[in-house]
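Engineer: Using the hints provided, position chain G relative to the given structure of chain W.
As a plain string of letters, each chain reads:
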Amino acid sequence: MPTVKSLEDLKRIREEALQKRQVKAASGEANIVVAMGTCGIAAGAREAMKAILNLIETENIPGIIVTQTGCIGLCEREPIVQVQVGEQPKVTYGKVTPEIARRIVKEHVVEGKIIEDHVIPM
Amino acid sequence: MKFYRSHVLVCIDPECRSKGAYEVLDALQDELVANGLIDEVQVLETSRIGGCDQGPEIMVYPEGVHYANLTPDDMAFIVEEHFLKGRIAKKFLLPITSVVDEELSAPTPKEIRIVLRNCGKIDPQNIEDYIAEDGYMALAKVLTEMTPEDVIDEVMKSGLRGRGGAGFPTAKKWSFARASAGTPKYLICNADEGDPGAFMNRRVLEGDPHAVIEGMAIAAYAIGCNQGYIYCRAEYPIAVSTLRLGIQQAREMGLLGQNILGTDFSFDLEVRMGAGAFVCGEETALMASIEGKRGEPRPRPPFPAVSGLWGKPTNINNVETYANVPQIILKGADWYASMGTEKSKGTKTFALAGDVKHTGLIEVPLGITLREIIFDVGGGIKDNKGFKAVQTGGPMGGCLPSEYLDLSVDYEALTAAGSMMGSGGMVVMDDETCMVDIARFFMEFTQDESCGKCTPCRVGTRRILDILDRICAGKGEDGDIELLEQLSQEIRTNSLCGLGQGAPNPVISTLKHFRHEYEAHIYEKKCPAKVCKALIRYEILPEACTGCTVCARNCPVGAITGERRGVHVIDSDICVRCGICQQVCNFNAVVVR
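Quick note, the sequences are listed as chains W and G, same order.
With the working numbering applied, the first sequence corresponds to residues 1 to 122, in that order.
With the working numbering applied, the second sequence corresponds to residues 1 to 593, in that order.
Just chain G, with the same shape it has in the complex:
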């Protein structure tokens, strides 16, 4: 391969091109040829180096030097200075911007990384990198030293519980599937991560796929099954391709397939893609989807351990559950059980989102308080605003107010508080959030994703959403709150699957903790957080208005009138509550009532 000592990337996005990127590119190449450097320096066309607003721009590697505001005439100078004499042409230099991993930053002191330990550290596309980190040693240990019963005992002692959200003891699930009569048995990994804003599983699948593959192989050995499926949503194409490559490499090495490590144990894996239905994260709907049927849940029992995929005994766990297993086997159940609370052991990953300073993935020991997660790990509320509520457990979780900040994050405590662990979504809300609007937002999501098989969920979520829409539109009536409570209760008790049973949770929890906001919407026709557009009015303070006319000129609907140097007025009937006048006013004269 040709060796170049330097690579120059030239941005040829339309914006840079219109500013003459191709002319700069040609001039650069001409100068490199003239100086005899064309064999040493490679010029490449690329897209988006910076923002194009200072284009044409180029990036020079290996130095990582970023030049901007270039013209073809500058090229002679840059080639002589930088490429011939090795001096950086400061005249065109832009400050070096470092690449930041916005999803996963370095662990904070309160974090413990077990599931995420290899993410960003190893090359996920190279099985050898995983093996260098003791990868597949747990599988080897299990196959050479342990009986399937030993494996189940060890996982039982570790206290590992289902990380998909429900928290069923993993080893118990495995022992049911093991004890179940009928062959063949199947193993499924639920990688249909659908909660809005949650991406814990995607990161593990993309960054450390072999941890999941190895965990599944260990589970398969414990249960006595030879075929596994990973059900991954099609919205995660990189996770799917990384998994497929990982499975292929493991097969080539003989870590999947027939007679693994020279033993009698055989196990193979296949990736199945989901087509975007949220309900397919529910285990019975997921299995129907793998079978090629419509992704709809069915009543349980029979549980999958008895009659699952194609009517055979099936064990189904979440990505994070499987990813924990190799570490438990290698480091021992006692090590794992040393973290967490009495009933919730180990760590849990969360996708911290919303109005918190440091959003992104975290992994914390269970038993940590919400306060520690939000203020120590997450750095507190953005823009120094106040904390209002935190929603755990995704769209079917509950919103917890500040009284619950010192709540221990474990399965029992969260459920008792009216929320749930869920798969790990955690949305933090500041004091400018309208809780009725939040409940409406989540209800919109679950209503949209309801599969429609059972009536309570199909019709009930629609009715709740209608009422919430009405309340937010300022048309709430006396009795709406009671109706919401009744509907929520009925949907919760009568729905077929977890989606319907959990769907009213945001409404129930906000009604419990923020009832006064509902009352203000319905009886006073006011949105205390000033979010619901129908219930707010923009006004101009006469004493602050200087009559500069900026607001009137920027109003898209012409709702603002007033003379130059005279007080301006907003006509509420025309105003569409877009808020532009407030943004452009230099004198803070526009207020929301």
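Next comes chain W alone, as it looks inside the complex:
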């Protein structure tokens, strides 16, 4: 724990605490939804899901909720993964291989960069 030796120290810790809180609030709301209809599973959604879970575990990334949903009606684009970070609009990715799934977590969820060439415009 940092020690406070002056008013400046205290102000600095306050700013850091506020930033931490913002990060916590934002990352706590990162939702990854994997479509797990029969079509999705047949197209490899389980592999995508496993890749996502493995990456979160090995990289120890906090504040992500991974859930699943059924067929969303775009069977030819499966496996489909939807990502929502904080208040930002939901982004839907199609044909998510394990490799793309890992990129989604790393680039989109952690760094905030949407992987444009795999987005399904909804």
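Partial list, computed: chain W residues near chain G (C-beta under 8 Å): (1) M1; (2) L10; (3) I13; (4) K20; (5) G37; (6) L53; (7) V66; (8) T69.
In silico DSSO-like cross-links for lysine-lysine, where the CA-CA straight-line distance does not exceed 30 Å: (9) K2(G) to K20(W); (10) K11(W) to K141(G); (11) K85(G) to K90(W); (12) K20(W) to K106(W); (13) K20(W) to K141(G); (14) K5(W) to K331(G); (15) K90(G) to K50(W); (16) K106(W) to K85(G); (17) K331(G) to K11(W); (18) K85(G) to K95(W).
It is worth saying that the hints were derived from the structure and are not from the lab.
Idealized CB from N, CA, C, for every residue including glycine.
Structural biologist: Relative to chain W, chain G alone:
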């Protein structure tokens, strides 16, 4: 750490277990293994998800989906649908129940939250969360920009008065302790909240401990003392552990201890636990208890500011008083003084209890009326019954009838009306409350808690309770009311401490405002509110009775007789007045006389 995308809680309470919770658990795990999901879904055993009456039951997170009425054979379906395909198995779904904070709800329009502002908002176990809310900025301001005299002046201007109940101006108390000769000086926080049903201080200690710690550090600087104690009752174990953690974190950060913020000011804190005696909330008894002596009050003067803890000058304030201080320093005395009445400034927390719709903690500006508190903030009387009385100030407060509903809630007005501010207990009573019984209840409490040191309190409260017991038992005599009045007066004037001096208040106020109820008990042997068991009789209305025999079958003492399809009769000599017959009668044929 292993990352699971989903967590399943399985209730293994005895009731669920007897319905096969372990079989369901095993089947669930087998199915998860069979589907290759066991590394993704964590199964945990827990207790009490719902009510067990629909068990075995499981709760699935992060969705918060609650499944009930499960059998081992259902697990294959649930695992495939929910965990593999992500579809909620509606067949077993129970409606989602949201978690409600019954103690502290969102503020209503008439409330202003200063003391409770961080409760439920910040993590009380993380000092950084408090600092993010401008925590310890007031202490920094005091240490870097203000002299101790400035601090006392600012608090004086704010008009803050003791929130423990007596309402002594806080700054005046501080200046006495500051002016007092003798070192070292001590600072005490009275967290021995003992009024039945009151939990304002507990909530602050558990939800925002650093506000109290910071307030105490500011007071210590103003007075010139280096050691403080928080006297917290042992019945509040979470408050004690939260405080201890808070003190430890503040020490590690250098916000308590030697040379705080690089200045000459040093201050440290220690938590002392009380062992459950109500009288230890009285300041002299409290100090005796900290010293390791028997918790008994002593005569004042000398006041603690002159000779307190270990005979040294001591300042003692309540939790809520200290919690107000950082905000006054940060936002200024004028801001604080803009709320409240001429003599009672700021806000006060109350624990609203009794027959009111929304019970729980509230924080309102002083000067609000009792009507606004009970009907606007509290939502009115439960079950649309009528209002009868409100008791403010805990067990030593008075009961005020409806004529006082428009009374301004401030120190002077409440005292003038025969009650008091107290630490913030507020009990609302509906028109089915017997005021003699209420007086008896509070007298039972104070009699029980009387420490026994002085005779008026020890013997007097016992005698009052005896008389009230007799009146409630239907054995009241002519002259009892006068005797009660005389005893009350003598206990009030001759007792050593606030406990004895306040103990007769419930009797005095109910005698003043509800004298006719005492008279009905004594002379007519009737309890108008139909509460006192010895004075009521259960009867069956012959015209309403259908002879269904439900009452006779449910009577635990066999007091009801009657033929099937014939009118039933209650034998009052056998009847124990439990009221079960009235509850079970489908035709409203049972009445209380």
